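S.K.: One letter stands for each residue in the lines below.
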Amino acid sequence: MPRMTMIEAVRSAMDVSMERDDDVVVFGEDVGYFGGVFRCTQGLQAKYGKTRCFDTPINESGIVGAAIGMAAYGLKPCVEVQFADYMYPAYDQLTQEAARIRYRSNGDFTCPIVVRMPTGGGIFGGQTHSQSPEALFTHVCGLKVIVPSNPYDAKGLLTAAIADPDPVIFLEPKRLYNGPFDGHHERPVTPWSKHALGEVPADYYTIPIGKAEIRRSGSAVTIIAYGTMVHVALAAAEDTGIDAEVIDLRSLLPLDLETIVASVSRTGRCVVVHEATLTSGYGAEIVSLIQEHCFYHLEAPIMRVAGWDTPYPHAQEWDYFPGPARVGRALTEVMEA
Amino acid sequence: MVESTHLSLHVPEPAVRPGGQPDFSNVKIARAGTVPRPEVDAAPEDIRDLAYSIIRVLNRDGEAVGPWAGLLSDDDLLSGLRNMMRLRAFDTRMLMAQRQGKTSFYMQHLGEEAVSSAFRKALQKGDMNFPTYRQAGLLIADDYPMVEMMNQIYSNEADPLRGRQLPIMYSSKDHGFFTISGNLATQYVQAVGWAMASAIKNDSRIAAAWIGDGSTAESDFHSALVFASTYRAPVVLNVVNNQWAISTFQGIARGGSGTFAARGLGFGIPALRVDGNDYLAVYAVARWAAERARRNLGPTLIEYVTYRVGAHSTSDDPSAYRPKTESEAWPLGDPVLRLKKHLIVRGAWSEERHVQAEAEIMDEVISAQRQAEEHGTLHDGGKPSVRDIFEGVYAEMPPHLRRQRQKAGY
Chain Y
1 MPRMTMIEAV RSAMDVSMER DDDVVVFGED VGYFGGVFRC TQGLQAKYGK TRCFDTPINE
61 SGIVGAAIGM AAYGLKPCVE VQFADYMYPA YDQLTQEAAR IRYRSNGDFT CPIVVRMPTG
121 GGIFGGQTHS QSPEALFTHV CGLKVIVPSN PYDAKGLLTA AIADPDPVIF LEPKRLYNGP
181 FDGHHERPVT PWSKHALGEV PADYYTIPIG KAEIRRSGSA VTIIAYGTMV HVALAAAEDT
241 GIDAEVIDLR SLLPLDLETI VASVSRTGRC VVVHEATLTS GYGAEIVSLI QEHCFYHLEA
301 PIMRVAGWDT PYPHAQEWDY FPGPARVGRA LTEVMEA
Chain B
1001 MVESTHLSLH VPEPAVRPGG QPDFSNVKIA RAGTVPRPEV DAAPEDIRDL AYSIIRVLNR
1061 DGEAVGPWAG LLSDDDLLSG LRNMMRLRAF DTRMLMAQRQ GKTSFYMQHL GEEAVSSAFR
1121 KALQKGDMNF PTYRQAGLLI ADDYPMVEMM NQIYSNEADP LRGRQLPIMY SSKDHGFFTI
1181 SGNLATQYVQ AVGWAMASAI KNDSRIAAAW IGDGSTAESD FHSALVFAST YRAPVVLNVV
1241 NNQWAISTFQ GIARGGSGTF AARGLGFGIP ALRVDGNDYL AVYAVARWAA ERARRNLGPT
1301 LIEYVTYRVG AHSTSDDPSA YRPKTESEAW PLGDPVLRLK KHLIVRGAWS EERHVQAEAE
1361 IMDEVISAQR QAEEHGTLHD GGKPSVRDIF EGVYAEMPPH LRRQRQKAGY
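Heads up: the protein sequence lines correspond to chains Y and B, in order. Counting in this note's numbering, the first sequence runs without a single skipped number right up to 337 at its last residue. Counting in this note's numbering, the second sequence runs without a single skipped number right up to 1410 at its last residue.
Please note that the accuracy of each hint is not assured.
As the list claims (entries may be wrong) - Selected chain B positions facing chain Y (in silico; Cβ < 10 Å): (1) Met-1128; (2) Val-1189; (3) Gln-1190; (4) Arg-1205; (5) His-1222; (6) Phe-1227; (7) Thr-1230; (8) Thr-1325; (9) Glu-1391.
Because the hints were derived from the structure by calculation, they are not lab data. It should be emphasised that the depicted structure is a prediction, and the values quoted were computed from it without experimental measurement. Using N, Cα and C, we set each Cβ at its ideal position, and we do this for glycine too.
The following block holds chain B by itself, in its conformation from the complex (with noise of 0.2 Å):
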C-alpha cells in the first residue's frame, strides 16, 4: 500500500507584502566578473551554469571587472548614459503629459533603461527587434525622432499610425522596431519566423525577440522556443524580468523553476542571466549572442535580471501589492547612476557635466514635445481622419467598407 495524505496546492506568494519590510536576500547575486565568458560556438550544455548565475561587469566601486569587461569605449559609454538618459527624460515628461490629459495611458521604462538602450547597440542596421511595450530605448537609442514617438502617443494628425494605435505601440521598420501588439507573447514566435526567413534566404541579418518575465508563461513563448531551436533561427531570444507582472510577481509564471533563463536549456538552447541594471553586461552578453545568430550559430535566451520602479502603466497604483520601499532595496541598483559612477571612476564623466547634460536632454525632450503638440494631442488640436478608421484594414479597400464609410460619412 502506497500511504497516501490530504493533498493541498501550493500557491506562491512574493516575500513581502505593503506594510512588510522589503527582502531581497533570497535574490543570489554573483560578484561582478566572476561568471565566466565562453566561446560564442561553446556547446550549450558545456555553459548550462550561466543561466543559473548573473553576469556582471560593473562591481560596487564603479569599476568594470571580469572577463566580459573592456568592449566598449568611453564615447560609446557617454553615448549609452545620454541614450538612457534621454529615455528617462522622455519618460518624465510623458507621465506628466498623460497626467495631464493630453493621452489616455502611457508606460514608462524607470530602472529598466539600460535593457534596451544597450541591447540596440549589439545590433546592426537592418536587424529587427519584436518588442514588448517596454522597449522604447531600442527607438532612442537607435535615434528615432521624438517627436514622432510624442505624435504617436498623443494620437495627433501627425501621428504616423493615424491614431488607430494605443499610446506607446510604435512601429518603425527603418529603426528594426516591429509594430507592437498590446496582445502578449505573440510577437516572440514572429520573431523567430522572421530570423528563420533571414536565414532561409541566405541572409546576414538577425532577430531579436522581447517578453517580459509573466509572459513567458503564454504558450507563444514554449512555441517560439522550439520553433528557435529545432531550425536554430539566428535570433536573440530576450526575457526581461522586472520582477512583477501588474501585481504577480515572477514566481507565478516561474513555478519551480530555478530561473527564467533555465527555460532555455530543455530546448537546448544556450542561455545566459545577466545583470539587467549593468549597461555594460547587457551590451557584452548581447553583442555575444548577435555574434552566435550572425555566425549561424542558432539562438541565445537571456534573462535580464531587473527591477520595475514605476507601476505597470498609468492604470496601474504598485502601492497596493507591495512595499513602496522595495525598489530602494532593490540589489543592483540604478542603471543610469551606475553607469554614471563608472565613467566618473574611468575620468570620462563628472557630477558637473552630469548636471549639465541632464538639463541638455531636458531641453531636447521638452523642444520635441512642443513640437508634437503643435499637431494636437489626444482631446486638443490636429486629429486623424475619421477615413482613417476604413483605410489600411486591407491592401484595397473591399465594397463591404466602402459602403460603410460612406455611411459614416467619409
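Only chain Y is shown next, with the shape it has when bound in the complex (with noise of 0.2 Å):
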C-alpha cells in the first residue's frame, strides 16, 4: 500500500475526488498552477485543467461565497482559505449562507461544499498562523466539523467531506502534515512513512463522518482529543504510564457521543484536551456531555488541558502548546482525585 504524508492524504482526496467526479472543483489562493502554500493540490491544475482548479484572488468571503453559488448550480466545491486564522472575512458567508441554505429555502437549495483549512500551531506562526478556531464552527447549526490527525483519515474524511451534501468545514492540524507530531518539540519527528497510519489506498474511499476512533485502549482514565492533540496524549499516556484510553474524535460535529459515553462510563475518569483555548472552547461541550450522560460514572473531576486564554505568543510558543507534561499533570491529578 502506499505510504502518503497528511499533505499527500488530502491531495490524493482531492485527486480522487475530482477523478470520479466532474463538477468537484478545487479553488483558493495560490491553490491553482502553484499548489497551494503547503502543496496540497500540488498537480490538480495540470491535471484537471485550469477551470477545475484554480487561484483566486486574496478575498476569502468571495471565495466561500463564490464557492456557495457554485454549488447552488450543482458543483461540488471544495475550497482552501489558506489559514484558519484567514477566515474571518468568510464568516458570515459560512455561518449566515452556508450553514443555513438548505433550512432555509426547505431544501430548493442546498451547499454541498468543503471548506478546508490548515489549522494549530507549533510551527513558530504567531498569533495570526496557529488558531484553532473550530468552537466557532461547532457553534453553527448546518455546518460540519471535522478534524483529522493522521493521513489515513485525512483522505477518507476528506473523500466523505467532498461527497457530503452539506457545508463540511475541514480544519487540517498543520503541525502534522509531515508526522506525528506529539509535542516533544525536542525530538525529531517520525515522518508518516514509518508510520501505520501513513498507508494509504491510493484508490477511492471514505470514512464515515461522525464517528470517533479508539487510538488507545486502557481502562484507568479516558483522554478525549483531536487533531495533534491525539498524539500528544498518546505521548503522556506513555510519559506517565497511566493506563489511558485515548479517544480521537475525528469529527466533531457531528460528534460520536456514544463512543464517549462508553469509554468514560467504563474508566469513570476523564480529560479533555485541545490546542484551541480554554474558555467557551469545544471541551466544555464535552464535558457537560459527559456530565449529562456519564454523571454516576464519574470518580474525578472532568479535567481539561487547552490553550491558554491569549493569543498564540511566537516566541513562547513551547509555553502555550498543551503538550505531554500539562497533559500528563493533568492524568496524575485525574488519577489522584
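Since each chain comes alone in its own frame, lean on the hints to assemble the complex.
M.R.: Right, dumping it as C-alpha cells:
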C-alpha cells in the first residue's frame, strides 16, 4: 500500500474525488499553478485543467461566497482558506449563508461545499498562523466540522466531506502534515512513512463522518482529543505510564457521543484536550455532555487541558502549546482525585 | 514646511430633512433618447460615460425615443404593465394584511415596480437571480403563484418554507429565484459563483446579482466585483439605487464617487446607469447586459436610478428622516403611470381599460389571498409543525438534533 504524508493524503483525496466526479472543483489562494503554500493541491491544475483548479484573488468571503453560488448551481466546490486564521472575512458567508441555505429554502437549494483550512500551531506561526477556531464552527447549526489526526483518516474523511450533501469545515492540523507530532518539540518527528496510519490506499474510499476512533485502549482514564492533540495524548499516556484510553474524535460535529459515553462510563475519569483556547472552547461542550450522560460513573472531576486564554504567542510557543507534560499532569491529578 | 490646518471630518447630509422643501435639483437627468446605445461587445473603457448619465426611453409626452427604444411589442408592454400592476396590488393587500396582524412583517415595492418586472423579461428560463428583499417582481413577472407567496408571508401550513423564514424571503429554484437571506450583500458574490459554475460547465445560462445602494458599501460587493471581473463571469450585477437605505441617504454609501455605476469602472466592468422608473429603458439595458453575458463577454454593472416611495419595511417610519412630499417631487415619476401613458400614446390602451384592469387584478389578488388564508395566517389557523424546526438543518438528521426533537415532544 502506498505511504503518504498528510499533505499527499489530502491531495490524493481531492484527486480521486475530481477524477470520479466532474462537478468537483478546487480553488483558493495560490492553489492553482503553484499548488498551495502547503502544496496540498500540487498537480491538480495540470491534471484537471484551469477551470477545475484555479487561483483566486485574496478574498476569503469571495472564495466561500463563490463556492456557495457554485454549489447552488450544482457543483461540489472544495476550497482552501490558506490558514484557518484567515477565515474571518468568510465567517458571514459560512455561518449565515452556507450553513442555512438548505434550512431556509426547505431544501430548494443546498450547499455541498468543503472549506479546507490548515489549523493549529507548533510552527512558530505567531498569532495569525496558529489558531484553532473549531468552536466558532461547532456553534453553528448546519455545518459539519472535521479534524483528522493522520493521513489515512485525512483522505477518507475528505472524500466523504466532498461527497457530503452539506457544508463541511475541514481543519487540517498543519503540525501533522509531515508526521505524528506528539508535542515533544525537542525530538525529531517520525515521518508518516514509518507510521501505520501513513499507509493510505491510492484508490477512492470514504470514512463515515461522525464516528470517533479509539487510538489506545485503557481502563484508568479516558482522554478525549482530536487533531494534533491525539498524538500528544498518546505521548502523555506513555510518559506517565497511566493506562489511559485515547479517543480521537475525528468529527466534532456531528459528534460520536456513544463512543465517549461508553468509554467514560467504564473508566470513570476523563481529561479533554485541545489546542484552542480554554474558555468556551469545544472541550466545554464535551465536558458538559459527559456530566449529563456519565455523572453517576464519574470518580473524579473532568479536567480540561487547552491553550491559554491569550493570543498565540510567537517566542513562547512551547509554553503556550498544551504538550505532553501538561496533559500528563492533568492525568496524574485526575488519577489522584 | 508643509502648511497644516486643523482637520475636520466630513459627514455627508441629504439636501433636505423633514419640514424642508423637497429638492432634487442636484439629480442630473439626461433627456430621454439622448444616451447612445453601444454594441454589446464594446470595450468597457470606450463606454465609461454610460456610468455617469441616465439611459431613458420614455419622454415626458409618453413617447419611446432614441437608440434604446423599439424593442418591445404592444403585447409585451401590456403584459409588463399588467405585471407591475399585479405587484402593486399584491403589495397593497399584503401591507394591509400585516396591519391586520395576519403576518409580522412586510416590504413593499412602491415606485420600484419597473426594475424587477422589466428585468425578468430580459432573462430566459434556467437563468438564476440572487435577489434582495425588494425584487418580488421577478416572481410575479414569471407567473409564480401569488398564493404560494402569500402562504410564505403568512407562515401557514402550506408555506413552502415551513415557517422558517421571515415573510417575503421567498425561494424558488424553478423560477430562477435564489433563497433570500435577509443578510445583506452576501448573495452578490454567490451570484458570481453561480455564473462561474455555468461557465465552468460550458452552459448557456446566466446569473443576475441584486443589491441596494446602501449595501454596496459591504465588502461582499467588492468581493463580487473582483471575482466577476477576474473570471469574466456571465453575470448581470444590478444595483437598485432607490435613494434610501432605511433612514440613510445614498450619499453615505456612495461617498465621493459620482454614481454607484462608476464603482464598476475600476474593475473594468462595463457600467450603465438607467432610469429605473422607465419600463422600456430597464428592459433595454437588462437585455443588453444579458446578451453580453450570454455571448461570454463577461459581467455588466447596472445602476437603476429609482425612488423608494414607501417605508423601508413595515417597521419603518420615513417621516422621521425625509420630507413627506419628497416622493411626489421625485423627477423620474411613477413607473406604472409612465408605461400606462406610453401605451395610451401608442393607441394600445385607454383610461377605461386601465380602470377595468385594476379591478380584475385586485380580484385576482383577493382570490389568491382568500385561498392562502384557508391555510392559516401567522397567528390563526393552520401552522407548520414544530417538527419542521428540526428538519432540513442537514440532509440527514444527526443524533444530537434527534435527541432535541424528542425533548421538544416530536
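S.K.: Need the list of violated hint numbers for this structure, in ascending order.
M.R.: When the structure is compared with the hints, only number 8 turns out to be violated.
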